[in-house]
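Chain by chain, the residues run as shown.
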Amino acid sequence: MLKKKTQTKESLNTKLLINLDILKERFSFGLNNDFSIRLITAKFNKHELCLAYYASLVNSDKIEQTIIQPLLEQGGDSLFDVVTAESITKIKELEELDDHINNGKVVLIIDGESFGHSIDVAQFQHRDISQSENESVVRGPKESFTESLHVNISLIRKQIRNRELITEVQKVGKRSKQDVQLMYLNSIVNDQLLDEIRSKLTQLDVDNVQNIELLEQFIEERPYSIFPTILYTERPDNAATYIDKGHVVLLMDSSAACLILPITFWAFIHNAEDRYARFLYGNFTRLIRFIALFFTSMISALYVALSNFHSEMIPPDLLFAVTAARERVPFPLIIEVLIMEIAFELIREAGIRIPNPLGPTIGIVGALILGQAAVEANIISPIIVIVSALSGLTSFAISDPSFNFTVRITRFIFIISAGFFGMFSLMIAFTLWFMYGASLKSFGVPYFAPLSPTYKSNSDTYFRKAIKKEKWRPGYLLPKDLQSSRTFERGKTK
Amino acid sequence: MKVDRRLTSFEMFTLTSILIGIKLTDTTPSLFSQKAQNAFWYIPLLAFICILPAFLVLLYLLYKHNAKHFVHLFELLLGQGLGKSLAFIIFILSFVMIALDSRNYVEQIKIIYFQRSSILIIFALFGGVCIFGAIRGIEVVGYTTRIFWPFIRISFFILAALIFESVVWQRIFPIFGAGVPVILEEGVSKGSLFLDFFLLTMAFSAFRKPSQFIKGGLIGLIFSIAEITFFFFLYTTVFDYNSIEKISFPFHEVTQYVNLGDFFTNIETFFMVFWLLATFLRFILLLYLITWLFGAIFNIDEFELLLLPMGFFLMVIGLLPDNAVVTELIYRNKLLNIITPVIALVPFLLLLIHFFKRKKDLT
Amino acid sequence: MKTISLSGLLILFILIGCEDMVEVDRQSYVIAVGIDVTDQDGIYAFTYQIANPEAGSTLAGIGAEQTPDETITVVGTDIMTATNTANSFVTKQIILDQTRVLIVSEALARSDQFLRVMQSAARTTEIRRSIQIIVSKEDASDFINNNLPVLEQRPHKYYQYMLSRAKETGIIPDADLHRFFQITEGDADLFLGIYATTTYDPKELDGSEDEFIAGQVPKEGGNATQFMGSAVFKEGIMIDRLTGEETRICNILDKTMNINELLANYPDPLAPEYQVATDVFLTDNPKVNLSYDSETNHATIDVTVPFEVKVLAIPSLIHYSQNENFKRTLRDAIEQYITDATDELIKKSQEAYRSDPFYWSIYIRRHFKDIPAYEEGDWHKNIYPNADITVNYQLKRLHFGKMLDDTKLDEVRD
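Protein chains in written order, with the working numbering: chain C, 186 to 679; chain F, 6 to 368; chain Z, 2 to 415.
Treat the hints with caution; some may be incorrect.
What the hints assert, rightly or not - Quick list of simulated restraints, FRET-style, between CB atoms:
1. F/Phe269 to C/Phe648: 26 to 34 Å
2. Z/Asn85 to C/Gly536: 47 to 55 Å
3. Z/Tyr201 to F/Ala166: 41 to 49 Å
4. C/Pro586 to Z/Val151: 44 to 52 Å
5. C/Tyr647 to Z/Arg27: 56 to 64 Å
6. C/Tyr647 to F/Asp306: 32 to 40 Å
7. C/Ala240 to Z/Ser8: 50 to 58 Å
8. C/Tyr647 to Z/Asn85: 44 to 52 Å
9. F/Ala166 to Z/Thr305: 25 to 33 Å
10. F/Pro186 to Z/Lys397: 43 to 51 Å
11. F/Pro186 to Z/Lys349: 53 to 61 Å
12. F/Phe269 to Z/Leu264: 22 to 30 Å
Derived from the structure by calculation, the hints contain no laboratory data. All values reported here derive from a predicted model rather than from experimental measurement. Quick reminder that beta carbons are idealized off the backbone N, C-alpha and C, glycines included.
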């Protein structure tokens, strides 16, 4: 296979006419509408030459001003004196040629030369930088990644002005070759980790990996796991923070987000704002978020377990309220809970898919159907509405989209298991669920590090320390330099 | 990336604490109070003092010989055949002990919370969680224990704080309970309370450094003993000596008795949650250790595959006795008395051989 | 196919659940259990007061006219079998988890059957150890039926508020099941149960309002039920009853009773026809000093009770707050009054009951080495009845509240 490949490595011919035929055949000229070839006679050496490019990928003004106009009007010794575009590369092989044209470059072939010149005039279309929508913050930078790789890299570089910040390119995809950018701090990141990621990327044997969302599923270790093991974020400041700690960030074109790895459980609970807000405020938010995590995954299951198996635990007034409300309801309690939870998920899914102008209506309809009408018709009891509304509402406090799914699926597992044997089976499900999580690793890093197993780190788990006390990079990443702050070390403070 | 994922001293501390400390919730206190009456609360302390030298010797030898686990140590000192047969005796004893223990806990779940359900189903679910938990490996058990440990302790602490107003501390008098000879006899013969720690030395090589095992283990033992003694003290002072004899599960009796103000009057389910967590973790760990022990005796490297049959056999043996009271008062009591001399004397025997061998090496 | 059959199985399991699964609306919650004797030995009448969860509910579709409870009486040998019998005509499963009080008729309490009934109650996990034991003068079923609270519609609230209020004033003891078993099984002291009745039998007004037992408190209107005083149990059998004031003294002298503040009236020393209303705080637990002579098996008990009094009302309008002499007189009078009442109670307990209602056996324990010796010594047969007991009340402080002085009545009327 490999041998065959080296044999078929064709290169350009010295004759322009032959080269033109090659180009026309490779890119289905004529059939392929936006592939353009332009023939010019250059003024400086009086040779014929051709320009080949995808009209949709290039900036046509730039071609005209920096290539065509100078070629037609200027004289000089060589091509480099004439063409005013900022970068020109020599290419020889046809595969290279494909690559450059596909990446929005103009390839210039002069008659009599067995090589071409690739000139960068690419202009991929993308959105402007906009506000982060899924991970919004009150205090802190608001900009988010956009679908352009160059813009994204510049957004990160803006926050780490360090020559050791490397942006390394890896190609993925056998037929459509896409660039994956690895960003890391050379002097900090663990080399073994880098090798592991590189080999994962090169080993990918697929035709096309369109974007980072798909890449995540290709490189994760356990595709069937309920827990995510790679962090997906659309915030450049988040990415910069993780790079500083010694993580690796993966970027791709046409994804308005990046992947961060390796990652632990805590990253999905934490939010960039926890660090931007002052110590007390940030930790208060964390506390609220942990309560929300508990509510969203457990409260419906607890309601089922308590009212079906441990009704003695419910205080009498509340118990009587629950009982009175349930007297006229036709379904068993667990079915009632499941109906409401599924209804909530339906509204949620419909709310995302619904065309924008209809958005507000879905809320009203949902609230009406689920709340008022269902209760008045004695289909469900009002307590259930409160319980499922609480569990649904608190799920929004988990901002990470992947982990949000984890929690929502977990909720159903817990509800069903609570229906078997009350607290006993609920605790069984919880223990097994948790132990499964604890057994996971993301690129070798245990999921619940650094809480357990312990490593030298800032112990940023449930709560964070004051910024001044944050002295270490996470030890579980095995960084080359463990210490990140030396300002407030004992004895050195001024 | 090769991150060191082995356990550290804190995990060892919590593992010991879960293995030993949780005994305060089962029938152990009522077992002790049958003979010692209101003086039963310091029997664990006496038992600990009796068994501590043996443990210190065992840890010293493990450390000195750089052994993987105690079966390895037995083989190093006693030779292949003798070492393995001694380990097998310990295996049989602890196997029966764990089976009875698990029956005890299942019985608690049934009697207190699920009176109408069949014990078979509860036992099957319990066995299921132990097997599937243990399959994740000793490291994961360690992590999980480490993470849940604070919550379990906080719930125990809340319970102690709530029951405190019902404590009448004068009830510990007469201080010698049923009489000094009885107390001493009970204290010495119940050293097997710490059999679980002996089993835990199977995991000696699962730690980053042997010193972390020793440090975490010893602090864990002392902590558990303090905790057990404190809770036994609470039981003695909340229930009088005549009542404690009649109560099989004082822990649950206490959780049923306490109120959180006038509003939350029945809060035992809150404590049950954390107690269940601790119980699951304990038996997951015990199942793993006993299977490991079996694997070590019969040179089975892939011993994790044996977890399923081993858990099944434990369940079958646990189901044999007729009811909890019989299990508790007769079998468990006898077994505890049999095990004590074994785990108390074996380390000293090993120490003798150790010195003998060293002398021989020197000459 | 596999997934479909699996999920079908799952849904089946959910719908069946395990045997212990009960929907909340299939349960009846018993708030009070009453136990009476019947003509036959070993057979008792059990009365259940079942709360109606729909009473007072504002949910749509529920009629306003809902009785707050339903009372049923069945006959059985013990509480669990009786509960099963009751299930034959109560549509829902009877649950005892929320039970607050256990009401026993005085007739049953005075018989030797009482302990048997209580034993069976302790065996079930449903009956909590924090249930209060109430002894009713009449039959327990009559008590439950006649007890018609007006303000507190829901029965569990009624018992909760009624008992906690009565305990604050100290006129009833704290008498939960746990304490009953500790004291009865400890076999050394007297247990005090709450005494209550719905029959009205007013006593002549003669001085302090606390010298009543339940049913004797003169009143007009309101619920017929009265909680006052206590029933004295010796070795599981009721032998006597104490008045509200005697109960209050027991509460003061017993350190295990968590009652630290109580309201009390004392005769005005300078104007005997009036009373002084006071609020009594126990600043500290009573100090019980017990010395024991093992040779003669004889104990001497010195009890010091430090307390503070806040004067709430002086109807005689004598200026106790200003005049030092008057103050001293009032002090001495209060101390004297309590000491006399206490001495009388102790005498009664030593001679008539031959055991103590103060849970003082806990102080003798330290004088014994082990339990056999302690049981040999026999606190409530030998030591206590013959002990020398002195109780010394120390009034530490006398507060007069926020008013410096009372209205000068003669000036007003001038």
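A quick look at each hint next to the structure:
no.: 1; hint: F/Phe269 to C/Phe648: 26 to 34 Å; result: holds, 27 Å
no.: 2; hint: Z/Asn85 to C/Gly536: 47 to 55 Å; result: holds, 52 Å
no.: 3; hint: Z/Tyr201 to F/Ala166: 41 to 49 Å; result: holds, 44 Å
no.: 4; hint: C/Pro586 to Z/Val151: 44 to 52 Å; result: violated, 58 Å
no.: 5; hint: C/Tyr647 to Z/Arg27: 56 to 64 Å; result: violated, 41 Å
no.: 6; hint: C/Tyr647 to F/Asp306: 32 to 40 Å; result: holds, 38 Å
no.: 7; hint: C/Ala240 to Z/Ser8: 50 to 58 Å; result: holds, 53 Å
no.: 8; hint: C/Tyr647 to Z/Asn85: 44 to 52 Å; result: holds, 49 Å
no.: 9; hint: F/Ala166 to Z/Thr305: 25 to 33 Å; result: holds, 30 Å
no.: 10; hint: F/Pro186 to Z/Lys397: 43 to 51 Å; result: holds, 48 Å
no.: 11; hint: F/Pro186 to Z/Lys349: 53 to 61 Å; result: violated, 42 Å
no.: 12; hint: F/Phe269 to Z/Leu264: 22 to 30 Å; result: holds, 28 Å
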